[in-house]
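Make one complex out of these two single chains by using the hints.
So the sequence lines, in the order shown, correspond to chains A and B.
Quick note: to get the numbering used here, add 237 to the position in the first sequence (first position is 1).
Quick note: to get the numbering used here, add 1 to the position in the second sequence (first position is 1).
Rather than coming from a laboratory, the hints here were simulated on the basis of the structure.
Hints are supplied without guarantee of correctness; some may be wrong.
[Stated by the list, open to error] Under 10 Å between C-beta atoms, here's a sample of chain B residues computed to sit facing chain A:
(1) Met-2
(2) Gly-29
(3) Gly-56
[Claimed, not checked] Chain B regions said to be covered by chain A (calculated; three or more residues, Cβ under 8 Å):
(4) 20-28
(5) 60-73
Built from N, CA and C at the ideal position, the CB exists for glycine as well.
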Amino acid sequence: MWFFILAELLVFGVFFLAYAFARMRNVELFNASQLELDRLSGAINTILLISGSYFVVRAVDQIRHDQSRACTHWLIAAMACGGTFLILKLVEFGAKFEAGINMSTNTFFMFYLGLGFFHFMHVILGMVILGAVALKAWKGGYSASNYGGVETGAAYWHMVDLVWIVLFPLIYILN
Amino acid sequence: MTAATFQWLTLVTLTALTFSVAETGLSGSSILIPVLLATLLKGRLVIDRFMALQGVSGPWRWVVLGWLLLVLGLIAYTFLYS
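Isolated chain B, as found in the complex (with noise of 0.2 Å):
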C-alpha cells in the first residue's frame, strides 16, 4: 500500500467516523471537540501530504494550516460560547 493510500483511507475512516458521530444524536461540547479535532487532522493530511507542503521552503505550509487553526479556532469559540 503506498503512503498516499494509507492516507487516503484514514480521511475515509475520519469522515465516517464524524458522521456516525453524529447519528448518535450528540450534541454541544460533546461532539465539538472530536469532530473539529477530526476536521484538524484531515485538514493538515490534506495540507501536509496531498498537497505536498510538508517540508516546502518558504511560509505556504504555515500560511495554509495558520488559516486552518484560525478558522477551526474561530469556531470552537462561537459553539462554546453561544
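The shape of chain A in the complex, shown without the other chains (with noise of 0.2 Å):
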C-alpha cells in the first residue's frame, strides 16, 4: 500500500507544480481568476476531511484495543465527513458550470477543475476504501492482533488529506 500512496503523491506532486510553473507565467490571469472560487467553502471541505483522518485515528485506536463496534462508528463518521466534502465540492462545481466556467475557459480553471475533480475521485476511492474496512470490522474481522487492515486504510485516507492540505492554500489562498 505504501508504494500505491506514494506513486500517487508523486502524481499530485506534479500536478502541483506544473499549477505553479504555470501560474509563473499567467500570474494576473491566475489571481484574476482565484478571486471567484468559494474559499470558504474550501476552508470548510478543509477541517471536513482533517475531521474524517481523525476519526480514522480514533478507529485505528478503538480496534487495537478489540473495539470492533467502536471502530466501525468512527470509520461511519469519516465517511460521512467524505460524503459531506462530496456534496460540497459538488454544489461548488455546479456553480462553476451554472456561470459559464468550464476546464477551456482557461489555465487557471483547467487546473482548478482538473485538480479537484482528480482529488475528488480519490475522496470516493477512500471512501470506498474505508467502507469495506468498517464492513469487516462490523463482522468482526479484525481484532487488536489483527487490525493491518484497518491501518492500511487509515493510510490511504489519510494521504487524501494530506494531498488536500497543500491543495487548498495552493489552488484558493496564495496570490
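As C-alpha cells, this is what we get:
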C-alpha cells in the first residue's frame, strides 16, 4: 500500500508543480480567476477532511483495544465527513458550470477543475476503502492482534487528506 | 483530552488562521511565508501523528516528508520569482 500511496503523492506533486510553474507565466490571469473561487467552501472542506482523518485515527485506536463496533462507528463518521466534502464540492463545481466556467475557460480553471476532480475521485476511492474496512470490522474481522487492514485503509485516507492540505492553500489562498 | 484530539484542534486552528489571513486581502510574500509554514506544520502533523510515521523504521517517513518539503519549497520558489 505504501508504494501505491507514494505513487499517488508523486502524481499529485507533479500536478501541483505544473500549476505553480504555469502560474509563473500567467500571474494576473491566475490571481483574477482565483477571486471567483468560494474560499469559505474550500476552508470548510479542509476541516471536513481533517476531521475525517481524526475519526480514522480514533477508529484505529479502538480496534487496538479490540473494540470492533466502536471502530466501525468512527469509520462511519469519517465516511460522513467524506460524503459531506463530496456534496460541497459538487455544489462548488455546479456553481462554476452555471456561471459558464469550464476547463477550457482558461489555464487557471483547467487546473482548478482538473485537480479538484482528480482529488474528488480519490475521496470516493477512500470512502470505498473505509466502507470495506468498516464492514469487515462490523463483522468482527479485525481484532487487537489483527488490524493491519484498518491501518492500511487509514493510511490511504490520510494521504487523501495530506494532498488536500497542500491543494487548498495553493489553489484557494496564495496569490 | 487525547493527543489525537489536541492534534486535530491544532489542524483546525491552523486552517482557520490560513483562511483568516487570506480574508484580510494580503498578498505576495506577506501571505506566502506564513501560509506555507502553516501548511508544512499541518502536513507534518498528518504524516508524523495521524499516519504514525514518526519513529517507524525504514525510509517511509523521510520519503513522505521529503515529498512535502520539495513540493512546498518549489511552490514557494515559483511564487517568489514570478
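Hint check results:
Because the smallest distance between the Cβ of Met-2 (chain B) and any Cβ of chain A comes to about 12 Å, over 10 Å, the interface hint for this residue is violated. With a cut of 10 Å, the hint placing Gly-29 (chain B) at the interface with chain A holds, because the nearest CB-to-CB distance is about 8 Å. Taking 10 Å as the C-beta cut-off, the interface hint given for Gly-56 (chain B) is violated, the closest approach to chain A being about 15 Å. For the stretch 20-28 of chain B, the stated coverage by chain A is satisfied: 5 residues place a CB nearer than 8 Å to a CB of that chain, which reaches the threshold of 3.
Counting residues of the stretch 60-73 of chain B whose CB lies closer than 8 Å to any CB of chain A gives 8, which reaches the minimum of 3, so the coverage claim holds.
Against the hints set out earlier in the document, violations occur for numbers 1 and 3.
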